Every structure is written in structure tokens, then in C-alpha cells.
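Asks: For the sequence shown, my numbering begins at 64 and goes up steadily by one.
I should point out that these hints are in silico values taken from the structure, not numbers from a laboratory. Note that the coordinates shown come from a computational prediction; the quantities given were computed from them, not determined experimentally. Backbone N, C-alpha and C define an ideal beta-carbon position, used for all residues, glycine too. Any given hint could be a false lead.
Distance condition first, Cα-Cα at most 20 Å in a straight line; then the derived SDA-like pairs of lysine to any residue [to be verified]:
#1 K455 x I443
#2 K248 x P181
#3 K248 x V275
#4 K176 x L453
#5 K262 x R197
#6 K262 x K455
#7 K76 x T96
#8 K209 x K262
#9 K357 x D282
#10 K91 x V451
#11 K252 x V276
#12 K262 x E211
#13 K76 x M376
#14 K273 x Y247
#15 K76 x I93
#16 K401 x N434
#17 K76 x E98
#18 K273 x K459
#19 K76 x G348
#20 K252 x D269
#21 K248 x I458
#22 K401 x M376
#23 K273 x Y173
#24 K357 x Q321
#25 K76 x G110
#26 K401 x E426
#27 K220 x L206
#28 K357 x I281
#29 K76 x T347
#30 K91 x S452
#31 K357 x C428
#32 K91 x D152
#33 K76 x K455
#34 K91 x S112
Between beta-carbon pairs, the in silico distance windows are [claimed, not checked]:
#35 S336 x E118: 38 to 44 Å
#36 K449 x A243: 31 to 37 Å
#37 L427 x N339: 18 to 24 Å
#38 E395 x R214: 26 to 32 Å
#39 V276 x R208: 17 to 23 Å
#40 A436 x T203: 37 to 43 Å
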Amino acid sequence: MRILMVNKYLYRKGGAETYVIKLGEYLKSIGHTIEYFGMADERNEVGNSVGVYSENMDFHSSSLKYITYPFKIIYSFNTARRLRCLIEDFKPEAVLLNNFNYQLTPSVIYELKRHNIPVVYIAHDTQLVCPNHRMKNSFTEGLCRKCEKGRYYSCIKNRCIHSSLLRSIIGAAEGYIYHALHTYKRLNKVICPSEFMEKELTRNIDLIGKTVVMHNFIDKFAPKDVERENYVLYFGRYSEEKGIRTLIKAAQSLPAVQFVFAGYGDLESEINSVENIRNLGFLTGSELEEVIEKAAFTVLPAEWAENCPFTVMESQSLMTPVIGADIGGIPELIDEGKTGLLYESGNAEELTAKIQYLYNNKELCREMSLNCASGSYDTISEYAEKIVSLLKGLIK
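Model the full structure from these sequences, guided by the hints.
Replies: Following this line, the structure appears as C-alpha cells:
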């Protein structure tokens, strides 16, 4: 089968990109022909035989090019034209569409459907119902659903996109336009990596009846007899929505507990100022794997709409229990009291208490570790089999 994978970034920038590259590599290894479309970037790890890509749009740039971005992020004729060149050469039988808003724009959906190509969208976030994709802003406790049913003026009122009035106006405008045009009705299927994501996306009536829940795949590791070290681990992005400041408060309240952080982001200086936090920086591969499997347990203190976080899945696959915030798709992955603990998202006092309780209860940690070994996540081969079956059904 000729499958085109579309994502705005074609290098491992985050979880979505890791998903795209790993799945594409595996599908290729079992005989399918895979090509990719996204933004041009010297860091790209995958691409296409024609060498056509969308313009690279860096919203953090101070370049004069940024002035033209508001005219390009609702509908990009340039992106549609370049994608057309690839379609005419590659002739894909089906498309796996990933993150596209703002940089690629929904122009890719219109172009793909002009060629009558089945499109399966993988929902890595809540972008189709929330302009800032996080369901979180500074004015609402918990998750925000104020843009439900197309009420996107709330995005402007609360400056939900990077606290910028201009960006929020553009995000709201995109929401209004594509809600009015019923653009997302053109998607053939929507894969939701969690039941939480399915519930949120079907608030958009254009997606009702199109969704299917498929938790993400995970690498399966053979259980090892690893000697645990006495530290609590966080790995991921150092940013506000990840609950880093709440975790820092917990660490400061527990000076006798050793914390290890592995990642990068805007809050790195705050992390480095805490005496009982050791910052290892960004780790991947075997280095990250070793840090995870030696931890007493990991913590995911999210304060936004986490979907199906690899943090939890990777930890459990390495037999490491998880304390996770009770938000988004996280509760679906943690069996309370058996593979980890849950706490109220954003509640620093409860998080502190849960960390102290589990840190002081080595026997419970050991039991949870053994329970993690019996996890039931799909391997990439099992997941790919479901994807291929779904695509074949749409092609027929």
C-alpha cells in the first residue's frame, strides 16, 4: 500500500513526531511504501522522493517574514500546491494525517480530498475543538471548554494562544471558518489515542461517528533485574502546562527526597535552583531507558489535556510505577494502587503527600513494579495491523 504520512514537523520534536517516524519506519519494514509531507527543515529525518515541502514557519522568529504569517496560517495556497506535486507523483492510496494546524493549515485536507484520497486523522491533541490545543488558560480552573460548539470568541477574550491578542484572533478566526465550512467532516476517520480524546473531539458535531479509540503503541522491554536507586523521576518538557511548577513546590517541601529531571524547556533555570533536583538535561534512547528503569517511580504532574502520554507507557513498560495527575487520558493508563497513584491535577499538597507516601513504602513500589510488567499496551506490530486494516477498509 502507498501511504502518505503528513505532519508539520518531520524530525523528533515531540511525542507526535516520534509516533509518525516510528510508525512510518515499521510500515515500510513490512512492505508498504511510505512517504512524508511537512515543513522544510534541515533537521528533517524523513521526507519524500520529490523533495517538496511546505514553507518553514517559525512563530518564535523575529524575522520580517513573520509579518506575513497571519495571512498564511488559515489557508495556505503554497502548501496545497506543493502537496499537489507530491500527490501527482506518489499517488498515495491513503493518508495518515497528524498535526497540521497553523503551519500546514487545513488546506491539506481540501487538497487530499480533491484527489479522493481516504484521510485518517490521528488526534495528538484537542486542536479541532480548542484553538490553543491545550484546553487550558490562565482564567479557568481545570480544563477549559469555553469554545465548545464554535464559541471561539472566548479564545480572543482570554488571549489563549501564547497570551497574544493577535495570535488568539487568528486562532479564533480559523476555528470560526472551518466550523462554518464543516471542514473536518471531510476526514474519513479520526483515531483517538484515549477515550478522553474521543469524548472531547465529538463535541464537534462534524466528528461524531468518525472516531475510533486506539491507545498508542509502545516498545516492549524484557523484564530486567535492575537495582532501583532512591530517586523520583520526571522526564519530559520543562513547561508550565506540564505541571513543572507544582512538582517544584513538592520537591521543595520534601528536601530529604532526591528528584531527577530529564528534559528541556523554558523552566530549566527554576529547576536548577532547587537543591534536591538533579537536572540531567534532554535524554533519549538507552540513556533515558536506564534512568527510567532505575527510578523508584516517575511523576507526571500535567495540568493540561494530556492525551495518551508516552511518559506513563514508557515508565510502565520498564516496570516503573507512576504518580500521575488525574486529568486528560492519564487515568486510563494508571491502575490506581496497582501500577501507580493519581492525585488532583495542580494540587501541590496532595502531590507532595503521594510522593512521600510512595517514596517511604518500598514494598508497595516493588508490588507496583511487578504489576507494571503485565501491561496490555499494543506493540507497534499489533498497532500497525489495526491501522492497515482500517486503511484497507476505507480504500475498498
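Asks: If a hint holds in the structure, say so; if it does not, say that too.
Replies: Structure-based check of all given hints:
no.	hint	verdict
1	K455 x I443	18 Å, holds
2	K248 x P181	12 Å, holds
3	K248 x V275	15 Å, holds
4	K176 x L453	18 Å, holds
5	K262 x R197	15 Å, holds
6	K262 x K455	26 Å, violated
7	K76 x T96	24 Å, violated
8	K209 x K262	15 Å, holds
9	K357 x D282	18 Å, holds
10	K91 x V451	12 Å, holds
11	K252 x V276	11 Å, holds
12	K262 x E211	12 Å, holds
13	K76 x M376	19 Å, holds
14	K273 x Y247	10 Å, holds
15	K76 x I93	25 Å, violated
16	K401 x N434	6 Å, holds
17	K76 x E98	19 Å, holds
18	K273 x K459	17 Å, holds
19	K76 x G348	14 Å, holds
20	K252 x D269	11 Å, holds
21	K248 x I458	18 Å, holds
22	K401 x M376	14 Å, holds
23	K273 x Y173	18 Å, holds
24	K357 x Q321	13 Å, holds
25	K76 x G110	15 Å, holds
26	K401 x E426	12 Å, holds
27	K220 x L206	16 Å, holds
28	K357 x I281	19 Å, holds
29	K76 x T347	12 Å, holds
30	K91 x S452	15 Å, holds
31	K357 x C428	12 Å, holds
32	K91 x D152	18 Å, holds
33	K76 x K455	30 Å, violated
34	K91 x S112	14 Å, holds
35	S336 x E118: 38 to 44 Å	39 Å, holds
36	K449 x A243: 31 to 37 Å	34 Å, holds
37	L427 x N339: 18 to 24 Å	22 Å, holds
38	E395 x R214: 26 to 32 Å	28 Å, holds
39	V276 x R208: 17 to 23 Å	20 Å, holds
40	A436 x T203: 37 to 43 Å	39 Å, holds
The structure does not agree with the numbered hints 6, 7, 15 and 33 stated previously, though it agrees with the rest.
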